[in-house]
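Heads up: the protein sequence lines correspond to chains A and B, in order. For the first sequence, this note's numbering gives the first residue as 1, with consecutive numbering after it. For the second sequence, this note's numbering gives the first residue as 1, with consecutive numbering after it.
It cannot be assumed that every hint is accurate.
Since the list gives no way to pick one copy over another, a pair counts as held whenever it fits inside one copy or between any two copies.
[What the hints assert, rightly or not] In the DSBU-like style, the derived pairs of lysine-lysine whose C-alpha atoms are separated by at most 30 angstroms in a straight line are:
1) K39 to K258
2) K28 to K39
3) K151 to K26
4) K92 to K28
5) K313 to K137
6) K137 to K182
7) K325 to K130
8) K181 to K26
Since the hints were made in silico from the structure, they are not lab data. Predicted, not measured: the structure shown is a model, and the values here were computed from it.
Here is how the chains run, residue by residue.
2 protein chains.
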Amino acid sequence: MIPTLQTIADRVNVSRSTVSRVLNNKWKMYGISQATADKITSLAKELHYLKNEAARSLREKKTFTIGVIVRDITNPFYSQLVKFVESALYSKGYTIIICNTGYDLDRENGHINVLLSRRVDGIILSPIQKSIENIFKIKDRNVPLALFDCKIDDLEADYILVDNEAGTMEAVSYLIDQGHKKIVYIGGNPYDSNNRLRYAGYRNSLSLASISIPDHYVKHGNYSFKHGYEAATQLLRSNDVPTAFFAANNRIMLGACKGIMDCGLQIPDDISIVGFDDFETATMLPSPLTVIRQPLREMALNAVDLLLSRIEKANNIPYMTSMLKTEFVIRNSTKNLN
Amino acid sequence: MIPTLQTIADRVNVSRSTVSRVLNNKWKMYGISQATADKITSLAKELHYLKNEAARSLREKKTFTIGVIVRDITNPFYSQLVKFVESALYSKGYTIIICNTGYDLDRENGHINVLLSRRVDGIILSPIQKSIENIFKIKDRNVPLALFDCKIDDLEADYILVDNEAGTMEAVSYLIDQGHKKIVYIGGNPYDSNNRLRYAGYRNSLSLASISIPDHYVKHGNYSFKHGYEAATQLLRSNDVPTAFFAANNRIMLGACKGIMDCGLQIPDDISIVGFDDFETATMLPSPLTVIRQPLREMALNAVDLLLSRIEKANNIPYMTSMLKTEFVIRNSTKNLN
DNA sequence: AAATTTTACGCAATCGATGGCGGAACTTTA
DNA sequence: TAAAGTTCCGCCATCGATTGCGTAAAATTT
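Hey, can you work out the whole structure from these sequences and the hints?
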């Protein structure tokens with residue numbers, strides 16, 4: 001039998017209340033004697049007593065649980081996020097429930113229902129652009145929510161973002177400075193806010209340099225290896241081969257690199273490439289990749305801080321957006337054409 | 001205010017019991033009229049009623065929660081595991097709590113306490129070799145447990161493993177068949193069961209071929225990029241350069257590859273390498289890596305099946321070990337010396 | 001019309017922990 | 001020795017959902 005407060009109370013001949021007070025370190029303010037406290041403490045240890053969190057949660061209306069909903073846990077971007085978030089929350093006594101949506105709206109919805117049903121204290125969500133209905137379910141219940149890595153149009157909320165446009169401009173301008181004019185944009189889902197902003201940055205940079213963009217230099221699609229691969233190979237085998245690629249995320253970039261290799265070309269000698277997200281493989285290729293790094297650790301910590309301040313202080317503070325700067329990490333995947 | 005059963009009961013003028021029965025689809029067996037049932041169902045929908053899981057768990061002594069404790073969530077091996085486990089459990093109505101230990105025993109212990117306190121229905125644990133005390137805490141409470149990716153000496157439990165020794169022998173024998181005699185073992189933590197078995201396989205293969213192993217060809221250490229890198233560079237710069245490396249896991253293998261590249265050498269022309277775990281980057285290098293793949297999906301599903309059968313059927317069945325075969329994936333990272 | 005059956009629910013205990021309020025027992029003070 | 005403090009702790013309601021047992025009211029049978 002698993003011991004409860006009552007088990008201990010019976011053995012020490014006191015009431016549940018007393019045991020509860022002792023085990024919660026409140027016995028002094030309730031004037032419980034040292035002797036009683038000691039007896040209770042040691043018996044609890046002996047019996048390996050562990051508080052039933054379900055009961056505590058029910059009574060206290062607080063679960064010390066945070067739901068973390070990501071699009072793809074196998075993407076290093078998210079698995080790192082989870083690691084940082086888990087670590088930060090663990091030290092504050094919180095536990096995380098992981099939900100993987102695989103970019104599926106219904107699944108996201110299902111997960112949100114579960115989290116609300118479990119009365120989580122807060123949610124970190126990396127939504128998909130169409131999540132707005134799902135998000136309203138959370139907002140209606142007044143559950144603290146941090147939206148991560150995606151801005152939803154016209155939706156007021158707490159956001160954790162990076163400056164996608166500026167980050168992209170820095171990278172594309174770098175290409176332009178190196179003399180590139182034929183720069184292809186291989187993007188993710190066209191409706192995704194990140195993709196739109198990165199695309200905007202790309203256009204801005206080229207526009208500032210008065211370089212026009214042929215339609216077939218823009219390849220929206222989705223954030224997958226496959227899309228990167230196909231877009232790259234198709235262009236490299238066309239009769240208007242670009243000199244550089246911009247990849248909208250790590251998956252696309254990797255796919256594009258593979259495509260380039262499969263076409264028998266070398267980075268950076270035959271073709272240049274830069275893109276979003278830093279990842280380990282980027283440093284492993286023969287020519288390490290120049291990338292735009294997102295400050296993941298800071299983003300994770302900001303998300304946690306934001307949530308905890310709403311949870312533990314007040315939830316009626318105005319919405320905040322944490323917009324961090326990206327870092328342009330120059331390695332060796334671009335060629336200077338000048 | 002968040003609606004409860006009572007909220008609905010009051011509005012429909014019935015008792016909590018009736019509402020509960022209707023919402024749990026048990027109203028027929030309790031002879032509740034269709035009319036009442038309909039009123040309740042639609043009101044619940046209108047109010048966006050969501051059952052309080054803490055209350056349900058408390059009463060039912062079942063949480064529909066599984067704890068998943070991994071050593072390093074950012075290792076693709078574990079993030080894939082988590083993905084498969086999450087997906088399988090989601091479809092069965094279970095939720096997972098993620099715990100990352102970072103190979104730290106105290107942290108593992110802390111996480112186990114939290115999970116037990118939350119009365120999870122089961123735990124999937126990828127332990128470290130010294131976890132035995134922690135594991136006993138779980139066993140003492142009779143909580144179903146699946147040990148993943150690590151065999152603890154003399155500990156009876158449910159295990160999900162692969163045939164490390166056979167898998168390694170296949171790979172090392174392959175090197176030997178290609179004429180390699182100077183094969184280095186770059187290993188993980190010396191006490192880790194995987195490492196020991198992989199090392200045993202390595203020794204067996206060489207012994208069968210009557211090839212002796214100089215001491216400095218065995219580099220135990222830990223499962224890190226750094227260790228792989230350092231072991232590789234050190235050997236490549238020594239005066240007894242091997243012709244092939246065997247890497248005990250994906251992190252080590254990547255580090256070794258990087259080390260090889262930094263020494264200005266080419267895979268497979270200058271040096272051959274094979275190793276454990278398949279991972280995306282393995283296919284991205286100029287010469288894709290020949291690896292020993294673990295059937296992660298099957299392992300994850302087996303772990304889930306094993307746990308669920310204990311949870312939902314009986315926990316008094318004998319312990320089982322799921323030992324799956326590895327798959328040798330031949331790519332192009334070894335040179336035929338014959 | 002009385003007896004029996006069926007229909008349709010309600011009562012109250014339970015799961016385990018928490019905390020406000022109250023109070024008995026003992027000690028000190030006047 | 002009675003009044004006033006202290007010391008030390010218990011009673012009981014509460015959180016929300018579930019379920020065994022019981023029963024009033026309506027319907028049916030005899």
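Return the numbers of the hints above that this structure violates; sort them in rising order.
-> Going through the list in order, the structure violates hints 1, 3, 6, 8 and respects the others.
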